[in-house]
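Trainee: Its first residue numbered 310, the sequence shown is counted upward by one per residue in the numbering used here.
Read the hints as simulated data drawn from the structure, not as lab findings. Cβ coordinates follow ideal geometry from the N, Cα and C atoms, glycine included. Do not take every clue at face value.
Said to hold, decoys possible - Restraint-style ranges between C-beta atoms, simulated for each label pair:
1) L456 x F435: 17 to 25 angstroms
2) A385 x G458: 15 to 23 angstroms
3) V376 x L489: 51 to 59 angstroms
4) R554 x G458: 18 to 26 angstroms
5) I431 x I328: 17 to 25 angstroms
6) R533 x Q502: 23 to 31 angstroms
7) R533 x G434: 26 to 34 angstroms
8) F435 x P324: 22 to 30 angstroms
9) E494 x V398: 16 to 24 angstroms
10) I328 x V398: 17 to 25 angstroms
11) G410 x A354: 36 to 44 angstroms
12) W430 x V369: 17 to 25 angstroms
13) R529 x W430: 39 to 47 angstroms
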Amino acid sequence: MAEFTTGEAVALELPIARIPTRASAFLIDVVVQFALGCSLLFAAAAVLAAAGTDSAWMDVAALVAIVGVLIGYPVACETLMRGRTVGKVMIGLRVVRTDGGPIDFRHALTRGLAGGIVDFWILGGFGAIAVLTSMCSPNARRIGDVLAGTVVVHAQTSLPRPALATAPPWLAGWAGQLDLSGLPEDLALSVRQYLTRVRTLTPAVQANLGQALVIALCERLRIRPPLGYPPVQVLGAVIAERQRRALPAAPAAVSPMAMAAIRS
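Generate coordinates for the entire structure from the input sequences, incorporating the hints supplied.
Mentor: Next comes the structure, spelled out in structure tokens:
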């Protein structure tokens, strides 16, 4: 299991897919790719033979078919099937972002190119590089996962109900009036990480880091910080309001650690 913090400070634990299950899914995909490649080559040969073209066109068709199968297949499948290929569906795996969210075409393309060039085929020694890098990674990430910012997890395991942040009641009204469109994702991530780990920090670090984050946050939002409240409460109120706007239908579950830190 690995802990993920989503873009809205939702903490999730997802089961990481390790080498044996990923290898099984990969072998299934190889069989599908082989069958698809043979079909494409047979169809191309038939069309080119009927057109009476020379052998150079067949070489071009073979190259296009190989690239399309080795790179286009995983990219298309993971984009259209939201992080899954035929092999991953059969084994019960899914590719997600490192924050637990679904991947898009950009992530799938990065993974596909890295898989075709580095991890598996051209330079990968038929998967040797992918195996070595996965063994060295705590979350079993190959080079394509590192470059794309993704991780492969078991998709059939039921996910726990996420623990959402909550705002102190005395700051909920203040936070509800804020325009949060100017809050950049990198700063929001720093605030979420602070709130997640605040109970493990020393009082001095809590105060200094929290105050620095409050100043940076208020500068970006162009507001004055509310006076008389500790940084953890101000930051918690802003993140909770941002989360509430992004997840209007989410259940109002609250992380006990986050609640204790914000109320303390």
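Trainee: All the hints need checking, so say for each whether the structure fits it.
Mentor: Structure-based check of each hint:
no.: 1; hint: L456 x F435: 17 to 25 angstroms; result: holds (20 angstroms)
no.: 2; hint: A385 x G458: 15 to 23 angstroms; result: holds (20 angstroms)
no.: 3; hint: V376 x L489: 51 to 59 angstroms; result: violated (44 angstroms)
no.: 4; hint: R554 x G458: 18 to 26 angstroms; result: holds (24 angstroms)
no.: 5; hint: I431 x I328: 17 to 25 angstroms; result: holds (21 angstroms)
no.: 6; hint: R533 x Q502: 23 to 31 angstroms; result: holds (24 angstroms)
no.: 7; hint: R533 x G434: 26 to 34 angstroms; result: violated (59 angstroms)
no.: 8; hint: F435 x P324: 22 to 30 angstroms; result: holds (27 angstroms)
no.: 9; hint: E494 x V398: 16 to 24 angstroms; result: violated (31 angstroms)
no.: 10; hint: I328 x V398: 17 to 25 angstroms; result: holds (19 angstroms)
no.: 11; hint: G410 x A354: 36 to 44 angstroms; result: holds (43 angstroms)
no.: 12; hint: W430 x V369: 17 to 25 angstroms; result: holds (19 angstroms)
no.: 13; hint: R529 x W430: 39 to 47 angstroms; result: holds (44 angstroms)
Hint compliance for this structure: hints 3, 7, 9 are broken, all remaining hints hold.
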